[in-house]
Amino acid sequence: RVASDCTVAFEGRTYSVPFALVGQAVEVRGCARHVQILAGAAIVAAHPRGTPERIVLDPTHFEGPATDDVVAPVPLGRLGTRLAEIAAMAPEQRPLDLYAALAEVAR
10 RVASDCTVAF EGRTYSVPFA LVGQAVEVRG CARHVQILAG AAIVAAHPRG TPERIVLDPT
70 HFEGPATDDV VAPVPLGRLG TRLAEIAAMA PEQRPLDLYA ALAEVAR
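Numbered by my numbering, the letters in the sequence shown go through residues 10 to 116 in order.
Certain hints may be false.
[Claimed, not checked] Okay, the calculated beta carbon distance ranges per label pair: (1) F19 x A109: 33 to 39 Å; (2) A109 x E36: 43 to 49 Å; (3) V37 x L105: 36 to 42 Å; (4) A110 x T69: 22 to 28 Å; (5) E113 x G39: 41 to 47 Å; (6) R42 x E94: 24 to 30 Å; (7) V83 x A110: 31 to 37 Å; (8) A18 x A109: 33 to 39 Å; (9) V114 x A41: 36 to 42 Å; (10) R116 x A51: 40 to 46 Å.
Derived from the structure by calculation, the hints contain no laboratory data.
None of the values given here were measured: they were computed from a predicted structure.
C-beta atoms are modelled at their ideal positions from N, C-alpha and C, and glycine is treated no differently.
Starting from the given sequences, assemble the full structure and let the hints guide the process.
Written out as structure tokens, the structure is:
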């Protein structure tokens, strides 16, 4: 079942699912290189399997209009967007002034 935060758990990791499926039962398949999430016969999400990350998110799963049953997630905003950009960078590639800029956005 898709949790209220638009995720499902599988093999000790958490994977995002399109928000419109919150509360619905889905099937999770562990394939050789990917984790597939199905609603009925349709594959609604696919993520790499066996990544070092414990939480695997697809930002597009949190976009789109509300449905009759589910309210659309609140957009990340400036701070969330900046955090996502920083998180996508390898730590050794992050310039130190990036952290100062992040602190400035948080004010």
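We went through each hint and held it up to the structure:
Against the hinted window of 33 to 39 Å, the Cβ-Cβ separation of F19 and A109 comes to about 38 Å, which satisfies the hint. Our hint of 43 to 49 Å for A109 and E36 holds, since their Cβ atoms are close to 46 Å apart. Roughly 40 Å separates the CB atoms of V37 and L105, a value that falls within the hinted 36 to 42 Å. Between A110 and T69 the beta carbon distance is about 26 Å. The supplied range of 22 to 28 Å therefore holds.
Evaluation of the 41 to 47 Å hint for E113 and G39 yields a pass: the beta carbon distance comes to about 42 Å. The hint said 24 to 30 Å for the Cβ distance between R42 and E94, and at roughly 27 Å that hint holds. As the Cβ distance of V83 to A110 is approximately 23 Å, the hint placing it in 31 to 37 Å is violated. About 36 Å separates the C-beta atoms of A18 and A109, a value consistent with the hinted range of 33 to 39 Å.
Between V114 and A41 the beta carbon distance is about 41 Å. The supplied range of 36 to 42 Å therefore holds. For R116 paired with A51, a C-beta distance near 44 Å keeps the hint of 40 to 46 Å intact.
In summary, the one numbered hint that this structure violates is 7.
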